[in-house]
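Novice: Counting from 0, one number per residue, gives the positions in the sequence shown under numbering that gives the first Met the number 0.
The hints are simulated quantities; they were obtained by calculation from the structure and are not laboratory data.
Worth double-checking, as some hints may not be accurate.
[Unchecked claim] Below are the BS3-like pairs computed for lysine-lysine, each with C-alpha atoms no more than 30 Å apart in a straight line: (1) 119 / 17; (2) 136 / 17; (3) 136 / 119; (4) 64 / 159; (5) 159 / 136; (6) 119 / 130; (7) 159 / 119; (8) 130 / 64; (9) 17 / 64.
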Amino acid sequence: MAHNRSPVYQARYGWDLKTAGVVALSAVFTAVLLLPGMPLFAQILGLPLFGGGGLFMSYVALSRKVAFRVDETGVLLGGSPARYRATTSHVPWDDITGFVLWRQPAGGASLPYVGVTRRKGAPALPGDGPKARAALKYLVPVPPDVALASRAVTGWRLDKDQLVTAVAHFAPEIPVRDLS
């Protein structure tokens, strides 16, 4: 018997390989810093960094907050887990002209992003402003409007096929472009 899957696409923050690796590495560094004879300055600097960082990453994974959602109302761009309510935004279908999958170079690697392109005159999203736009113009490989309506795929997993299926169901005229 075939399962009738909901066309809604939703991804939540959770445990992935990168998050588990960061937490494990933080735990190892924290344990080393607690060994007898470790210099006090290393403990003062390292314990908040590695212990706090590991705890924060664990909190993000355990929060299971929605990172990204596509449904009949539009797209929910889940916020930063530390300031979830203030940084989460909803973009209704009437404001969306496309989806963009892109990558932000970061040293020798790159970070995947998913975002939406929006119609001219769409309401501003959290973080939008002249200073942010000026900085983004030089920092990202996509227009500032797209960067502001994007989310890093970190701490959660993007299923491109499910995304495409949901978009095709709710807004078949809207394209999904993969620039990555």
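Novice: All hints are to be evaluated individually against the structure, with a verdict given for each.
Specialist: Evaluation of the provided hints:
no. : hint      : verdict
1   : 119 / 17  : 36 Å, violated
2   : 136 / 17  : 28 Å, holds
3   : 136 / 119 : 18 Å, holds
4   : 64 / 159  : 19 Å, holds
5   : 159 / 136 : 27 Å, holds
6   : 119 / 130 : 19 Å, holds
7   : 159 / 119 : 26 Å, holds
8   : 130 / 64  : 29 Å, holds
9   : 17 / 64   : 18 Å, holds
Going through the hint list in order, the structure does not satisfy hint 1, though it satisfies all others.
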